[in-house]
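**Q** Sequence:
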Amino acid sequence: MTAWEGPVLVTGTDTEVGKTVVTAAIAAAAQAAGLRVAVIKPGQTGTASGEPGDVDAVNRLAAPLTGRTLASYPDPLAPLAAARVADLPPLELYAAVDAVRAEADKHDLVLIEGAGGLLVPMGLRPSGEPWTMADLAVSLGVPAVVVARAGLGTLNHTALTLEALDRRAVPAGVVIGAWPTRPELVHWTNLTDLVPNLLGALPDGAGAMDPGVFRRSAPGWLTPALHGVLDDWRVWAEESG
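First residue of the sequence shown: 300, per the numbering used here; consecutive thereafter.
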């Protein structure tokens, strides 16, 4: 598979599946391969406490050339709901499209990290209708990385997300957001079922690593499609076991 360049969507089967750390890993691997990388977070929520956002976490772990958050809202809700509750302007679809295209003119890879899952309402179209990360992928004509859990329930959630992308003619692959230190039977059977679509797997706790260790390790977690060096899942499984 040819390595993905240009804009690439990073979405998930749900919230808290590891999208931010996977985004950082792809950024680190791509930069190790010599690419100029930008990371864009269209809608950041839950910022009332003043804690760093997802782009700050990516900057700490991977230090991409550019990191941008397009809209930020205080409440930990879906971005469109968070905008409504805070009485702030919702993010407009084509403002996000234009922002991504502007960075794509200056970078080799632009990673667009979503919020929650693929169909979470992100903002409004000019018509006043909500838009989702799936709509953004279609508008840009870009592929998608689906970040999934390793454990029970992931097969259904992953299949639903991949089916939604396939119906929209969006090419997609899967990265396991956190592979457990001591995998159980369910993890191994899930891995077998996910392998045909799998583009990578991060170890549990990767986001807490020293940034230097994280950057050196990231290529080994990802396949060449995502600028990594992982090319044999059987060998990976033997080493992980």
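Derived by calculation from the structure, the hints in this document are not laboratory data. Among these hints, one or two may not hold up.
For lysine to any residue, the following SDA-like pairs were computed, each having C-alpha atoms within a straight-line distance of at most 25 Å [as the list claims (entries may be wrong)]:
1. 405 - 439
2. 405 - 333
3. 405 - 483
4. 405 - 450
5. 405 - 393
6. 405 - 484
7. 405 - 459
8. 405 - 466
9. 405 - 371
10. 405 - 455
11. 405 - 368
12. 405 - 373
13. 405 - 456
What follows is a set of in silico ranges between Cβ atoms, one per label pair, in the way DEER data are often shown [to be verified]:
14. 349 - 305: 29 to 39 Å
15. 424 - 404: 16 to 26 Å
16. 351 - 512: 17 to 27 Å
17. 502 - 384: 14 to 24 Å
Note that the Cβ used here is the ideal one computed from N, Cα and C, for glycine as well.
**Q** Look at each hint and say if it fits the structure.
**A** Each hint tested on the structure:
1. 405 - 439: Distance of about 16 Å is within 25 Å: holds.
2. 405 - 333: Roughly 14 Å between the alpha carbons, so the hint for residue 405 and residue 333 holds.
3. 405 - 483: Not OK: residue 405 and residue 483 at ~44 Å, beyond 25 Å, violated.
4. 405 - 450: The given pair, whose Cα atoms are some 38 Å apart, is violated under the 25 Å limit.
5. 405 - 393: Holds, at roughly 19 Å.
6. 405 - 484: Violated, because 45 Å separates the two Cα atoms, which is more than 25 Å.
7. 405 - 459: It is violated: about 34 Å lies between the C-alpha atoms, which goes past 25 Å.
8. 405 - 466: Between residue 405 and residue 466 the Cα gap is close to 31 Å, so the pair fails against 25 Å, i.e. violated.
9. 405 - 371: 24 Å, holds
10. 405 - 455: With Cα atoms ~38 Å apart, residue 405 and residue 455 exceed 25 Å; violated.
11. 405 - 368: Roughly 17 Å between the alpha carbons, so the hint for residue 405 and residue 368 holds.
12. 405 - 373: It is violated: about 30 Å lies between the C-alpha atoms, which goes past 25 Å.
13. 405 - 456: Measuring from Cα to Cα gives roughly 35 Å; hence the hint is violated.
14. 349 - 305: 29 to 39 Å: 34 Å, holds
15. 424 - 404: 16 to 26 Å: 24 Å, holds
16. 351 - 512: 17 to 27 Å: 20 Å, holds
17. 502 - 384: 14 to 24 Å: 36 Å, violated
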